[in-house]
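Build out the structure end to end from the sequences listed, making use of the hints.
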Amino acid sequence: MKVDRLVSIIMILLEKKRVSAQELADRFEVSPRTVYRDIDAISMAGIPIRSTSGVGGGFEIMPDYKVDKNVFSVDDLSALLMGLSNLFNMVRGDELIHALAKVKSFIPADRAKDIELKANQICIDLSPWVSNRNTLSYLEIIKTALQESKTISFRYIDRHGNKTKRTAEPYQLVLKGNHWYFQGYCYSRNDYRLFRLSRMTNLQMKKDTFVPRAYQKPILDIAEIVETLQIEIKIRIHKSIMDRILDFCDYEHFTADGEEYYIVDFPFIDRDYYYDMLLSFGDKCECLEPLHVREKIKYKVQSIAALYENEP
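Heads up: the sequence shown begins at 199 in this note's numbering, then just goes up one per residue.
Calculated from the structure, these hints are not laboratory results. Keep in mind the model is a prediction, meaning the values are calculated, not measured. Built from N, CA and C at the ideal position, the CB exists for glycine as well. Certain hints may be false.
To be verified - List time: in silico DSS-like cross-link candidates among lysine-lysine, alpha-carbon distance up to 25 Å: (1) 405 / 437; (2) 363 / 348; (3) 405 / 361; (4) 498 / 437; (5) 348 / 374; (6) 415 / 404; (7) 498 / 482; (8) 363 / 405; (9) 415 / 341; (10) 363 / 404; (11) 341 / 374; (12) 494 / 482; (13) 415 / 348.
As the list claims (entries may be wrong) - Restraint-style ranges between C-beta atoms, simulated for each label pair: (14) 487 / 445: 48 to 54 Å; (15) 228 / 332: 34 to 40 Å; (16) 359 / 457: 42 to 48 Å; (17) 332 / 365: 16 to 22 Å; (18) 386 / 410: 16 to 22 Å; (19) 391 / 221: 46 to 52 Å; (20) 445 / 397: 21 to 27 Å; (21) 224 / 406: 21 to 27 Å; (22) 252 / 332: 15 to 21 Å.
Right, dumping it as structure tokens:
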């Protein structure tokens, strides 16, 4: 049971006179059965909720009720503040400012220091050390377009360098692997596409509005696909790049090779991205096997060297 969902339900019930179970289920993407369990939990916490059946029925908090600040424990409030604060660091907006203010209003003065200490124990900062200046402004444009159901237009550069002009209906912002994406229905392709914000230029929100269609969420878990493509190669690395290699495989795959080097069983997919990654390690990394990977790296190194044989 998610504490943040319970708090959100309480806030909705405080702001609205009556809300149906199905409306809450749709909003939080859970089953009506889960909503009923949440309502029971809120009632057990001391908040009087009245249920009305029939047409126009639903849940509502008894009139003139004020939320008791002692409903939430120190751990509850700390978890809420931690989540909202870290989300605010990534996506700014008035709705998050208001949510933070509401949660902070539940904090009794005598527990403020303890809760602040717990809330600051974990900091999540997924922004890169050197960021794309357009990303934050693009996030705000897409957020507004999402809220107002307006189409957006932009120029897009795919991973092969092909440039196209797109118009799309935005449906979801996605933070995956330290990169921001948005899932939208692309008019050029007549299908849903996942666009990476760093590959977008000239983003504009258009005046045209759209009626949201049945939304298809992007496939973000590709572990099964990767598993079918992934092989293990053997590389020899200098100890100076160990920390970078540990981003991709565990230390148990390392075997010492003298005092300065390690032999590593490295997860690899036969794609340009992985070859470029190995080349980024420079002369601190050598592929030992399999032979076809070693030969392809050798060819790429020779191609790079050929660029510098003549004066520019």
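Worksheet entry | Hints not upheld, ascending by number | 1, 14, 19, 22
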